[in-house]
Amino acid sequence: MEKLISPPFLSLILLLLHLSNSQPTTSIYHTFLQCLQSHTNQPDHVSDILYAQNNASYTSVLRAFARNARFTSPSIQNPLLVLTPLSERHVQASVVCAKSIDVQLKIRSGGHDFEGVSYVSQGPFVILDMFNFQNVTVDVQNEIAVIQAGASLGQVYYRIWEKSKVHGFPAGACPTVGVGGHLSGGGYGNMMRKYGLSVDHVVDAKIVDVKGRVLDKATMGEDLFWAIRGGGGASFGVILSYTVKLVAVPDRVTVFQVDKTLEQNATDLVVQWQQVAPHTDDRLFLRLVLQPVRSDVVKGQKTIRASVEALFLGEANELVPLLGKEFPLLGLKKELCHEMRWIDSVIWWVNYSDGSSLNPLLDRNHYSVNSNKRKSDYVQTPISRKGLTWIWKKMIELGKVELAFIPYGGIMNEVPSDATPFPHRAGNLYKIQYTVSWQEPGAAAEEKFLCQIRMLHNYMTPFVSKNPRSAYFNYRDLDIGINIHGKDNYQDGKIYSMKYFKKNFERLVKVKSEIDPENFFWNEQSIPRKLNRSIHLVDYATFLYRK
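If you count by mature numbering (1 follows the signal peptide of the UniProt record, and there is no 0), then the sequence shown holds residues -22 to -1, 1 to 525, one letter each, in order.
Because the hints were derived from the structure by calculation, they are not lab data. Any given hint might turn out to be false.
Restricting the straight-line Cα-Cα distance to at most 27 angstroms, the calculated cross-link-like pairs of lysine-lysine (DSS-like) are [said to hold, decoys possible]:
{"no.": "1", "residue 1": "Lys311", "residue 2": "Lys238"}
{"no.": "2", "residue 1": "Lys77", "residue 2": "Lys143"}
{"no.": "3", "residue 1": "Lys364", "residue 2": "Lys488"}
{"no.": "4", "residue 1": "Lys223", "residue 2": "Lys141"}
{"no.": "5", "residue 1": "Lys189", "residue 2": "Lys280"}
{"no.": "6", "residue 1": "Lys372", "residue 2": "Lys280"}
{"no.": "7", "residue 1": "Lys172", "residue 2": "Lys141"}
{"no.": "8", "residue 1": "Lys238", "residue 2": "Lys303"}
{"no.": "9", "residue 1": "Lys172", "residue 2": "Lys303"}
{"no.": "10", "residue 1": "Lys472", "residue 2": "Lys488"}
{"no.": "11", "residue 1": "Lys371", "residue 2": "Lys238"}
{"no.": "12", "residue 1": "Lys280", "residue 2": "Lys426"}
{"no.": "13", "residue 1": "Lys480", "residue 2": "Lys444"}
{"no.": "14", "residue 1": "Lys508", "residue 2": "Lys472"}
{"no.": "15", "residue 1": "Lys444", "residue 2": "Lys372"}
{"no.": "16", "residue 1": "Lys77", "residue 2": "Lys189"}
{"no.": "17", "residue 1": "Lys508", "residue 2": "Lys488"}
{"no.": "18", "residue 1": "Lys372", "residue 2": "Lys238"}
{"no.": "19", "residue 1": "Lys280", "residue 2": "Lys141"}
{"no.": "20", "residue 1": "Lys472", "residue 2": "Lys444"}
Computed Cβ-Cβ distance ranges for the label pairs, DEER-style [claimed, not checked]:
{"no.": "21", "residue 1": "Lys311", "residue 2": "Asn337", "range": "47 to 55 angstroms"}
{"no.": "22", "residue 1": "Glu296", "residue 2": "Ser415", "range": "33 to 41 angstroms"}
{"no.": "23", "residue 1": "Arg363", "residue 2": "Gly278", "range": "23 to 31 angstroms"}
These figures come from a predicted structure and were not determined experimentally. All C-beta atoms, glycine included, are put in the ideal place defined by N, C-alpha and C.
Between the sequences and the hints, there should be enough to build the whole structure, so can you do that?
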């Protein structure tokens, strides 16, 4: 039986913790540098990957992949250090050293985390930025690709297309999104109804665990491999790469966009969209974007514009009669359709260019940084015409918040909810993404627009999933809960995790508790561990101090 720790010794421990957590940046830099040098095989070059706040390149490196201007203001606490590893050994050493000096490690692959969780924290921290891990190795014969965590989706699509014109990969529409975060949180795109999520095609992975070991599928075990395919990699370690199975794409695909306003019968269009989009041919993806805009009919007033944006894995001659029968209110004509190669549809989907060049897919800086906020919901019962009318009224009243309806169905209905940590499968008609973006500086503008999106989200409560009100992990939303009582609080973690992962939460906790028992890999919305009843007394002193 362990003896209780004496008050004087406890005070000494807390004092040491305070001193270790209040080291000046220069001291931490030298401590970290020495540690890295002792754990790498090229110690003379380690200083090239470590940036302290007094380094001339620190700010440019920090902000290169900070995709939300809300988290680049002077009031935001910056990391003590930014590490930009060039090799697996660098990543291993970074984990070991951060743990040895007891500083929080944030892991960034693309910087698209909507709440900046990968590069912002309330306490002292360092960033491990994986942007140098950009290799995409395509094996056409075996129909797989090995993708490093810092590669962008645009790079993935481009490298696949270089090797094969009949293969693609089902992932997000935004080419600058980083693979590490996208796949570890689930990952979806406009081939979702045909091929499911990105993680449904992961066949192997490499991760650095809390002990600094490089593990693959065979050595990490079934449970951890399951957890990092939708449960968020940053709760368990540092993702180095994913190996994915490629999917078949046809020679020609068809895209189109049709816009209707309320004056053009948009409400009935949306009613019919709900009847069609989740149930139609699984080769067809019909995203619906709803925006408050100025009315061309009544000057000085606003209306709602409904935009149906589509990808069909086939030709227009098949698509037009299909929608003529199933979705007559859309009024689709062949002249509105554009047939093209699959890779060109990636360009079309984000309005990058006329498709004459694929080079924009390789440009990680082809991204407009402004302030933004996202939220999400799932709809399991169609919203009535009356309900939609109420929603339009609220959107027009608020003025700026947009909604995107993402149709489910197809193969998403066939994958079990516990096949991966991502639980939102059968039973969901569509997902809602709430978006508000602004360029106005200052706290007042931020408060105004955050209030708008929160009000609309609250207003939508009667129309969306319940018990729990579900959310998509990759649309990170700190409003639904954070670890406010310290990194070890299980009850805090359960609040938001149940919304993201539902019944898969407890299995994630079990994996977390086994792979990272001291909870080194934690953030504002990480998977919590379950504390053992017999806590090591020194660990308990640390826990008390942090609370």
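Each hint, compared with the structure:
The suggested pairing of Lys311 with Lys238 holds, with an alpha-carbon distance near 14 angstroms, which does not exceed 27 angstroms. A hinted pair counts as satisfied when its Cα atoms are at most 27 angstroms apart, and Lys77 with Lys143 does not qualify at roughly 45 angstroms. With a C-alpha separation of about 45 angstroms, the suggested pairing of Lys364 with Lys488 is violated against the 27 angstroms cut-off. A C-alpha spacing of about 14 angstroms is found between Lys223 and Lys141, which places the hinted pair at or below 27 angstroms, so the restraint holds.
With a C-alpha separation of about 57 angstroms, the suggested pairing of Lys189 with Lys280 is violated against the 27 angstroms cut-off. For the hint pairing Lys372 with Lys280, the CA-to-CA distance comes to about 12 angstroms; that is within 27 angstroms, so the pair holds. As the CA atoms of Lys172 and Lys141 are separated by approximately 22 angstroms, the hinted pair is consistent with the 27 angstroms bound. Straight-line distance between C-alpha atoms of Lys238 and Lys303 comes to about 19 angstroms, which keeps the hinted pair within the 27 angstroms bound.
Straight-line distance between C-alpha atoms of Lys172 and Lys303 comes to about 21 angstroms, which keeps the hinted pair within the 27 angstroms bound. A distance of roughly 13 angstroms separates the Cα atoms of Lys472 and Lys488; the hinted pair therefore holds under the 27 angstroms criterion. Simply put, Lys371 and Lys238 have alpha-carbon atoms about 17 angstroms apart, close enough for the 27 angstroms limit, and the pair holds. Proximity of Lys280 to Lys426 is assessed by CA-CA distance (about 19 angstroms); at most 27 angstroms being required, the pair is judged to hold.
With a CA separation close to 11 angstroms, the supplied pair Lys480 and Lys444 stays within the 27 angstroms bound. With a CA separation close to 11 angstroms, the supplied pair Lys508 and Lys472 stays within the 27 angstroms bound. Restraint check for Lys444 and Lys372: satisfied, since their Cα atoms lie roughly 21 angstroms apart, inside the 27 angstroms limit. Using a Cα cut-off of 27 angstroms, the hinted pair Lys77 and Lys189 holds, with the two alpha carbons roughly 9 angstroms apart.
A hinted pair counts as satisfied when its Cα atoms are at most 27 angstroms apart, and Lys508 with Lys488 qualifies at roughly 8 angstroms. A C-alpha spacing of about 19 angstroms is found between Lys372 and Lys238, which places the hinted pair at or below 27 angstroms, so the restraint holds. Between Lys280 and Lys141, the direct Cα distance comes to roughly 48 angstroms. Violation of the 27 angstroms bound is thereby established for this hinted pair. Restraint check: the Cα-Cα separation between Lys472 and Lys444 comes to about 16 angstroms, which is no more than 27 angstroms; the hinted pair holds.
For the pair Lys311 and Asn337, the supplied restraint of 47 to 55 angstroms is violated, since their beta-carbon distance comes to about 32 angstroms. Taking the beta carbon of each, Glu296 and Ser415 are about 36 angstroms apart, inside 33 to 41 angstroms as hinted. At about 26 angstroms, the beta-carbon gap between Arg363 and Gly278 stays in the expected band of 23 to 31 angstroms.
In terms of the numbered hints stated before, the structure departs from hints 2, 3, 5, 19 and 21, listed from lowest to highest.
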